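2 protein chains.
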Amino acid sequence: MYSIGELQAVIKKTFDSVSFSHQPSELYDPITYTLGLGGKRIRPLFLLTGCDLFCGNISEAEPAIIAIELFHNFTLLHDDIMDQAPLRRGKETVFRKWNTNVAILSGDTMFALAYEYISAIDKTVLPEALSVFTNTARMVCEGQQFDMNFETSDRVSIPAYLEMIRLKTAVLIGCSLKLGAILAKAPVTETEKIYSFGENIGMAFQLQDDLLDTFGDTKKFGKEIGGDISSAKKTFLLLKAYELASDKEKSELDECFSDPSIPSHQKIERVKNVYQSLHIKEFTLSEIEKYFSKALKLFEDINVSKDRKHVLEEFTNTLFVREF
Amino acid sequence: MYSIGELQAVIKKTFDSVSFSHQPSELYDPITYTLGLGGKRIRPLFLLTGCDLFCGNISEAEPAIIAIELFHNFTLLHDDIMDQAPLRRGKETVFRKWNTNVAILSGDTMFALAYEYISAIDKTVLPEALSVFTNTARMVCEGQQFDMNFETSDRVSIPAYLEMIRLKTAVLIGCSLKLGAILAKAPVTETEKIYSFGENIGMAFQLQDDLLDTFGDTKKFGKEIGGDISSAKKTFLLLKAYELASDKEKSELDECFSDPSIPSHQKIERVKNVYQSLHIKEFTLSEIEKYFSKALKLFEDINVSKDRKHVLEEFTNTLFVREF
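Protein sequences, first through last, are from chains A and B.
Sequential numbering from 0 applies to the first sequence in numbering that gives the first Met the number 0.
Sequential numbering from 0 applies to the second sequence in numbering that gives the first Met the number 0.
Hints in this document: simulated from the structure, not taken from any laboratory.
Treat each hint with caution, since some may be false.
In this list, chains with the same sequence are indistinguishable; a pair is considered to hold if it fits within one copy or across any two.
DSSO-like cross-link-like pairs, simulated, lysine-lysine; straight-line CA separation at most 30 Å [what the hints assert, rightly or not]:
hint, residue 1, residue 2
1, K233, K96
2, K308, K239
3, K233, K218
4, K266, K239
5, K233, K90
6, K184, K271
7, K122, K184
8, K96, K232
9, K289, K90
10, K247, K96
11, K90, K239
12, K305, K289
13, K96, K39
14, K293, K239
15, K218, K232
Since this is a predicted model, take the numbers as computed values, not measurements.
Take the sequences, apply the hints, and build the full model.
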């Protein structure tokens with residue numbers, strides 16, 4: 000049984016030892032650059048904890064952790080083009096540092112490389128691993144498309160929003176854990192439970208991200224507060240607010256989002272006031288709690304001795320902020 | 000043993016029966032649209048002839064022919080964005096008909112779908128099939144990047160150009176044939192020979208494409224003649240011309256490609272005159288012949304009775320124009 004620190008050390012060693020310095024450099028330099036930006040490597044860590052939970056061999060999971068991180072970063076490269084995002088992890092995005100064509104093509108190469116790595120796992124579990132990996136890849140694309148559609152859509156329902164974040168974010172957490180379990184040759188019943196556990200954790204995690212964007216502590220969160228409000232992003236908070244708002248509050252929200260002369264900080268303040276009067280923070284926390292409880296219930300049901308479970312439990316808990 | 004017509008019927012039936020009408024429609028409609036544009040389905044046909052050559056079961060190859068065509072079309076979707084191409088097979092390209100973001104993301108989805116289909120083949124040959132498929136995918140990306148680099152590069156050598164078309168075009172023909180052979184459970188020695196055969200055929204085919212672009216018959220070729228010259232594309236013809244040109248001919252070429260006031264038809268005429276005086280057509284035909292002969296030599300070496308070989312031989316011959 001490995002501690003979180005030990006698993007993180009395995010991940011660091013794995014990524015330190017991997018090199019993508021091939022030709023042409025325009026294709027491979029952005030891959031080295033992107034992976035070099037770091038990030039929390041949450042998906043590899045879920046994968047390894049999933050593997051270790053079922054007594055799998057951690058070293059055999061190394062190609063899979065590279066695959067999942069390459070896949071995730073490929074989606075970021077393409078998403079950043081689509082969102083015209085200037086920064087990623089505080090550094091210039093690939094399409095800005097190089098250009099759009101390079102970002103498209105080196106993203107494609109990362110996707111191919113992800114399959115190169117996933118194909119290097121134990122052949123006996125390859126079909127099962129490929130199946131969840133590829134289904135997830137497709138769902139993540141669907142999620143991104145729904146997300147883009149919502150930008151120009153007048154009416155987005157809360158269920159549609161939840162389905163979008165499930166596809167765009169949550170399934171990849173489920174996939175990471177399931178891949179770990181598959182590599183450990185866990186029974187299908189258990190790989191399915193851990194997938195659902197991950198999916199629910201992913202939902203809770205994304206909703207928390209929405210909440211932190213508006214109500215988080217700038218220092219702890221590491222991002223500017225109110226970005227979602229400034230960009231009029233249809234988050235759970237905003238959709239819930241429109242659901243509960245009186246006509247007067249609806250007008251206030253409409254005005255904030257339609258009048259470009261309102262300065263950003265005023266807009267954030269005014270929308271936050273509406274959120275506060277409607278108890279949006281509490282509703283969001285309760286939604287997070289709903290997914291978190293569902294995840295815990297699934298986790299309890301996993302047929303593994305209690306003492307093996309504490310690492311994944313501990314890791315999951317570190318992802319959630321308890322104070323707002 | 001199937002005839003070309005019979006294999007084409009299998010391909011038509013397979014593509015007619017496949018549907019990509021999922022949600023969100025912005026993601027899947029472009030896939031249906033792209034596959035609906037038709038094209039000659041050359042890669043599926045190579046795959047099936049490769050499979051039939053080694054007495055494989057054609058119906059088991061159906062997922063693989065969808066995979067190879069999805070992959071090929073995914074690269075076209077992304078290439079068209081990078082090249083800002085308005086038309087593909089006489090119809091609007093996806094990024095023009097929808098937008099760039101849709102073309103990026105539905106391309107990504109096609110790539111994922113390609114893996115979904117390739118994963119559906121016989122599990123005993125899956126690792127081998129995945130290996131050639133993924134290696135090829137990466138090489139095709141490398142080829143496209145080299146192609147883009149060459150656009151802004153002053154010096155492109157003929158070997159570098161040949162390596163670029165090998166990566167961008169030829170390896171996918173090799174891959175198609177090899178996948179067919181793998182599905183037929185052909186020995187590794189033979190799958191490698193047929194891959195090299197395909198790679199050499201692919202080289203000859205791409206060089207012929209370069210030649211037809213300048214010296215082809217508009218009616219037979221189906222494209223406007225001289226497009227490569229108008230766009231100053233560094234093809235084998237142009238690179239060979241610069242290699243052989245006298246100082247006076249070099250100046251003539253330089254002037255044609257640097258003076259934007261020269262009308263396109265005059266530019267084509269003047270560059271063609273240089274080509275003619277340098278016998279570029281004959282040099283290109285001889286280069287095509289070199290690859291074609293190498294391919295035939297490899298084909299002869301394939302350990303299969305002569306009577307099984309005539310379909311693939313016949314199909315290959317249909318790809319080559321004998322009169323210029």
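Verification of the hints:
1. K233 with K96: For K233 and K96, both the intra-copy (29 Å) and inter-copy (27 Å) Cα distances are at most 30 Å.
2. K308 with K239: neither (35 Å within a copy, 67 Å between copies)
3. K233 with K218: For K233 and K218, the Cα distance is within 30 Å only inside one copy (24 Å; across copies 53 Å).
4. K266 with K239: within (18 Å within a copy, 63 Å between copies)
5. K233 with K90: within (26 Å within a copy, 36 Å between copies)
6. K184 with K271: Close neither inside one copy (48 Å) nor across copies (65 Å); limit 30 Å.
7. K122 with K184: Result: close both inside a copy and across copies, 12 Å intra and 17 Å inter.
8. K96 with K232: So K96 and K232 pass the 30 Å test inside a copy (26 Å) and across (26 Å) alike.
9. K289 with K90: The answer is neither: 35 Å in one copy and 49 Å across copies each exceed 30 Å.
10. K247 with K96: Neither: 45 Å inside a chain and 41 Å across chains, both beyond 30 Å.
11. K90 with K239: The answer is neither: 33 Å in one copy and 44 Å across copies each exceed 30 Å.
12. K305 with K289: within (23 Å within a copy, 68 Å between copies)
13. K96 with K39: Classified as within: same-chain Cα gap 22 Å, cross-chain 39 Å, threshold 30 Å.
14. K293 with K239: within (21 Å within a copy, 68 Å between copies)
15. K218 with K232: within (22 Å within a copy, 53 Å between copies)
Checked against the numbered hints above, the structure violates hints 2, 6, 9, 10 and 11; every other hint is satisfied.
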